[in-house]
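Taken in sequence, the protein lines are chains A and B. Numbering follows my numbering, with no gaps: position 33 of the first sequence is 391. Numbering follows my numbering, with no gaps: position 10 of the second sequence is 11.
It is possible that some hints are incorrect.
To be verified - Heads up, simulated DSS-like pairs for lysine-lysine below, C-alpha to C-alpha not over 30 Å straight-line:
no.: 1; chain 1: A; residue 1: K432; chain 2: A; residue 2: K366
no.: 2; chain 1: A; residue 1: K432; chain 2: B; residue 2: K418
no.: 3; chain 1: B; residue 1: K368; chain 2: B; residue 2: K418
no.: 4; chain 1: B; residue 1: K218; chain 2: B; residue 2: K368
no.: 5; chain 1: B; residue 1: K218; chain 2: B; residue 2: K270
no.: 6; chain 1: B; residue 1: K218; chain 2: A; residue 2: K432
no.: 7; chain 1: B; residue 1: K368; chain 2: A; residue 2: K432
Worth flagging that the hints you see were computed from the coordinates, not collected in a lab.
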Amino acid sequence: MSESAGRKRVCSVADVESGAMISVDIEGLPRLAVYRVGEEFYCTQDMCTHGAASLSDEGDLNGYIIECTWHDGKFDVRTGAPCALPCTEALRTFPVSIEGGEVYIEVA
Amino acid sequence: MPPADTIVIVGSGLAGVSAAGTLRESGFGGRIVLVGEEPELPYDRPPLSKGVLVHDEYAALVASHLPTDIALRAPDNITLRTAAWYEERRIELMLGVRASAIDAAAHRLRLASGLELTYDRLILTPGARARRLPAVETGTVPVAYLRTLRDAIELRRHLQPGRRIVLLGGGVIGMEVAASSVLRECQVTVVELATRIMSRALPAETSDYLAAYHRAKGVQLLLGTAASAQAPAGAGLQLADGTTLAADLLVVGIGVQPDTQLAQASGLKCEDGIVVDACGATSAPDVYAAGDAVRYPDAFFGRMLRSENWMHAQNQAIAVARNVLGATRPYAQVPHMWSDQYDLKVQVSGRYDTAEHVRRGDVARNKFLVLHLEGGRVVGATGINEARDMKYAQRLIEARTVIGAAQLADPAFNLKKAAGA
Chain A
359 MSESAGRKRV
369 CSVADVESGA
379 MISVDIEGLP
389 RLAVYRVGEE
399 FYCTQDMCTH
409 GAASLSDEGD
419 LNGYIIECTW
429 HDGKFDVRTG
439 APCALPCTEA
449 LRTFPVSIEG
459 GEVYIEVA
Chain B
2 MPPADTIVIV
12 GSGLAGVSAA
22 GTLRESGFGG
32 RIVLVGEEPE
42 LPYDRPPLSK
52 GVLVHDEYAA
62 LVASHLPTDI
72 ALRAPDNITL
82 RTAAWYEERR
92 IELMLGVRAS
102 AIDAAAHRLR
112 LASGLELTYD
122 RLILTPGARA
132 RRLPAVETGT
142 VPVAYLRTLR
152 DAIELRRHLQ
162 PGRRIVLLGG
172 GVIGMEVAAS
182 SVLRECQVTV
192 VELATRIMSR
202 ALPAETSDYL
212 AAYHRAKGVQ
222 LLLGTAASAQ
232 APAGAGLQLA
242 DGTTLAADLL
252 VVGIGVQPDT
262 QLAQASGLKC
272 EDGIVVDACG
282 ATSAPDVYAA
292 GDAVRYPDAF
302 FGRMLRSENW
312 MHAQNQAIAV
322 ARNVLGATRP
332 YAQVPHMWSD
342 QYDLKVQVSG
352 RYDTAEHVRR
362 GDVARNKFLV
372 LHLEGGRVVG
382 ATGINEARDM
392 KYAQRLIEAR
402 TVIGAAQLAD
412 PAFNLKKAAG
422 A
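Please put together the full structure from these sequences, using the hints given.
Spelled out as structure tokens, the structure:
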């Protein structure tokens with residue numbers, strides 16, 4: 359099945375280890391971070407909303423919480439919601455679906 | 002403790018805003034009033050020596066995604082919270098307002114206008130002021146200090162290509178402004194009394210590494226050098242050894258003084274800072290304090306201390322706000338500071354005055370971490386562009402994990418795993 363408008367392939371399931379994340383560049387979108395928690399995948403913007411840190415390069419993922427190591431702020435990767443200061447603005451998130459070993463996001 | 006209806010916070014910087022937000026988030030439903038002397042919506046200070054001075058001028062540099070705050074924080078983008086954030090939380094802002102006296106017995110705060118606010122609890126977060134150097138203020142070369150947004154905007158005007166900028170003080174402010182001035186194509190000289198830069202913040206090795214980095218960028222670093230006064234006829238800055246440095250601008254960055262004026266005038270115990278206990282309580286009933294202005298018992302160093310860094314201002318304010326509402330959790334935090342200079346993120350956690358040190362990473366690639374060990378444990382860490390590993394090191398410090406130098410020295414050793422979740 360080919361990708362439909364709005365639905366974009368970001369990576370293969372095998373590209374991301376559990377408890378880890380990768381960055382993905384899709385044309386027309388800011389750099390994305392794809393996280394794997396067990397068998398669940400999530401996708402948010404890669405840049406922290408508080409400073410220019412790359413969450414995939416410099417973040418620390420523990421469960422569903424991504425900690426930005428610049429100033430100790432935290433977000434929940436499932437919703438993008440900030441859960442520790444100094445982060446107060448949510449990360450943009452993208453709904454994720456898995457099909458045939460590939461990870462897709464829905465771009466509104 | 003009787004319930005509070007009105008909590009007033011004096012000081013609208015990071016500590017004051019963090020306290021206000023924490024009160025509301027902790028379920029406090031009463032009135033919160035945040036009084037601040039500066040007229041601007043509360044803003045973050047770190048960008049004042051970086052993004053505010055440099056942003057917009059160097060698009061290419063910004064586009065190359067420097068690992069610093071430079072890329073994101075434009076002058077109009079440094080507010081700590083939006084105006085809507087305060088409204089949503091019913092935090093009343095009284096900005097451009099100076100508090101003049103506390104009547105602790107009557108629970109009243111008098112403002113300079115004569116207006117009085119009655120409070121149930123008072124939180125003082127007045128911060129600090131830049132130390133002045135009157136000896137160099139006489140003369141025709143302009144002298145700048147850097148503490149407020151207004152200072153930064155004024156300073157930015159002077160940072161034009163070819164301008165000769167002389168920085169007095171090689172501390173955090175001095176070196177960050179030096180880096181920003183280089184990026185604005187100025188000719189930069191730093192005059193520092195000590196034999197190394199950032200001597201209060203960094204171990205010697207890291208001072209030397211940074212000094213070399215600045216010199217390679219063209220900064221003239223004069224260490225172990227004292228300034229005297231401005232030379233006659235606008236010739237520049239005269240040094241103690243008699244030589245004169247030509248200058249178009251002098252920037253003084255010699256540290257800060259805690260703003261204890263209100264506390265002292267009101268009879269609160271002060272000793273180079275507003276004295277508080279581990280929960281943030283001052284000598285006056287129902288009056289608390291947090292942040293740059295405060296002298297407090299530091300759990301990590303085991304002595305009374307005044308901390309001038311961002312993490313402390315935020316985290317002590319959060320802890321104290323909770324205690325104001327009835328918690329009794331002493332504030333205890335492994336000290337942590339950072340400084341962004343050029344494309345270097347410098348971070349320091351814990352202590353570095355130890356006998357044993359292990360370096361991980363690659364100095365030549367400007368990405369390395371030094372772990373400071375004592376008694377078989379990591380008690381401190383200093384990093385350059387190693388934010389993630391610094392986080393793991395900080396966990397090792399907090400957990401007092403027993404770990405050996407030999408393990409840490411092995412590049413294959415998994416720091417994340419050792420630090421746990």
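Quiz item: If you check each hint against the structure, which ones fail?
Solution: Those not satisfied are hints 5 and 6.
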